[in-house]
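Each chain is listed here by its residues.
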Amino acid sequence: DAKTTQPPSMDCAEGRAANLPCNHSTISGNEYVYWYRQIHSQGPQYIIHGLKNNETNEMASLIITEDRKSSTLILPHATLRDTAVYYCIVRVVEGAQKLVFGQGTRLTINP
Amino acid sequence: GAVVSQHPSRVICKSGTSVKIECRSLDFQATTMFWYRQFPKQSLMLMATSNEGSKATYEQGVEKDKFLINHASLTLSTLTVTSAHPEDSSFYICSARVPIGAFFGQGTRLTVV
Numbered sequence: 001d002a003k004t005t006q007p008p009s010m011d012c013a014e015g016r017a018a019n020l021p022c023n024h025s026t027i028s029g030n031e032y033v034y035w036y037r038q039i040h041s042q043g044p045q046y047i048i049h050g051l052k053n054n055e056t057n058e059m060a061s062l063i064i065t066e067d068r069k070s071s072t073l074i075l076p077h078a079t080l081r082d083t084a085v086y087y088c089i090v091r092v093v094e095g096a097q098k099l100v101f102g103q104g105t106r107l108t109i110n111p
Numbered sequence: 001g002a003v004v005s006q007h008p009s010r011v012i013c014k015s016g017t018s019v020k021i022e023c024r025s026l027d028f029q030a031t032t033m034f035w036y037r038q039f040p041k042q043s044l045m046l047m048a049t050s051n052e053g054s055k056a057t058y059e060q061g062v063e064k065d066k067f068l069i070n071h072a073s074l075t076l077s078t079l080t081v082t083s084a085h086p087e088d089s090s091f092y093i094c095s096a097r098v099p100i101g102a103f104f105g106q107g108t109r110l111t112v113v
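Top line first, the protein sequences correspond to chains A and B.
Under my numbering, residues 1 to 111 are what the first sequence spells out, in order.
Under my numbering, residues 1 to 113 are what the second sequence spells out, in order.
Don't read these hints as lab results, they were simulated from the structure.
Here a beta-carbon is modelled for each residue, glycine too, at the ideal position from N, C-alpha and C.
Be a bit skeptical, because a hint or two may be false.
[Said to hold, decoys possible] Here are the computed lysine to any residue pairs in the SDA-like style, where the Cα-Cα straight-line distance is at most 20 angstroms: (1) B:K64 / B:E22; (2) B:K41 / A:V100; (3) B:K41 / A:R106; (4) A:K98 / B:T78; (5) B:K41 / B:S5; (6) A:K98 / B:E87; (7) A:K52 / B:G101; (8) A:K98 / B:Q29; (9) A:K98 / B:R10; (10) B:K41 / A:Q103; (11) A:K98 / B:Q38; (12) B:K41 / A:K52; (13) A:K98 / B:G101; (14) B:K41 / A:D82; (15) A:K98 / B:G16.
[To be verified] Just some of the chain B residues that point at chain A, by a computed CB distance under 10 angstroms: (16) G16; (17) L44; (18) V113.
Use the sequences and the hints to build the structure in full.
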C-alpha cells in the first residue's frame with residue numbers, strides 16, 4: 001500500500017472548518033483514500049473514504065486532487081469533540097485489506 | 001453501523017501470567033479480524049491478521065507463541081498474551097474487516113505489574 005504524509009499537528013478554532021491535508025504521491029490507480037480518527041484512549045473511528053471523486057457524509061468531506069496525489073479532509077464546523085488524531089490511509093479494497101497506520105495528524109480544536 | 005466489542009476494556013495482571021482479550025462482531029460476521037498494539041503517543045502497529053478457521057498471519061517481529069490468536073467463529077477472535085511481562089503493557093485494539101474497510105473495537109488497556 002502507498003505511503004502517506006501528514007502534518008504531525010494542527011490547531012483549529014471551534015466552529016471553523018478544519019482542513020487536514022494528506023500527501024499520497026505514490027498512490028496506485030486501484031487504491032482508495034481512507035480517513036480514520038482516534039480520540040484519546042479509544043479505538044479508531046471510520047470517517048470517510050474515496051477513490052477519485054469528492055465525497056461527503058454526515059461527518060466530513062473528502063476532497064481528492066485530480067492527479068490523486070493528495071487529499072484534504074474537511075470538518076465543516078469543528079467542535080471540541082473533534083479533537084483527535086486523524087489518520088489518512090491508502091489501500092486497495094481487495095486483497096490483504098489490512099489497514100496500516102502512519103503517524104497521523106493530532107488535531108486540537110480550541111474554544 | 002457495524003459494532004465491534006472488545007473485552008475487557010482494562011486489565012491488570014501479574015508478570016508471568018496470561019491474559020485473554022476478546023473481540024466480537026455484534027451485528028455482522030467477520031471472516032477476518034486484525035489485532036493492533038499501540039504504545040503511548042505512538043500510532044497503531046499491526047500485530048496479526050486473524051482468519052476464521054485458519055491460523056493467524058503475524059507481522060514481522062511479532063512472536064506468535066507469545067501472542068496467541070484464535071478465530072474459532074465468525075463473530076469472535078481472541079488474543080492471549082502469554083507469560084506477560086511489563087514491556088507487554090500497551091493498548092491492544094482489534095478490528096473487523098467490512099466491505100468498506102474495517103470497524104474497530106474500543107481497545108483494551110493492559111498493564112502488567
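Now the hints, each set against the structure:
no., hint, result
1, B:K64 / B:E22, "holds, 17 angstroms"
2, B:K41 / A:V100, "holds, 17 angstroms"
3, B:K41 / A:R106, "holds, 10 angstroms"
4, A:K98 / B:T78, "holds, 18 angstroms"
5, B:K41 / B:S5, "violated, 23 angstroms"
6, A:K98 / B:E87, "violated, 25 angstroms"
7, A:K52 / B:G101, "holds, 17 angstroms"
8, A:K98 / B:Q29, "holds, 17 angstroms"
9, A:K98 / B:R10, "violated, 25 angstroms"
10, B:K41 / A:Q103, "holds, 9 angstroms"
11, A:K98 / B:Q38, "holds, 16 angstroms"
12, B:K41 / A:K52, "violated, 32 angstroms"
13, A:K98 / B:G101, "holds, 8 angstroms"
14, B:K41 / A:D82, "holds, 18 angstroms"
15, A:K98 / B:G16, "violated, 31 angstroms"
16, G16, "violated, 26 angstroms"
17, L44, "holds, 4 angstroms"
18, V113, "violated, 19 angstroms"
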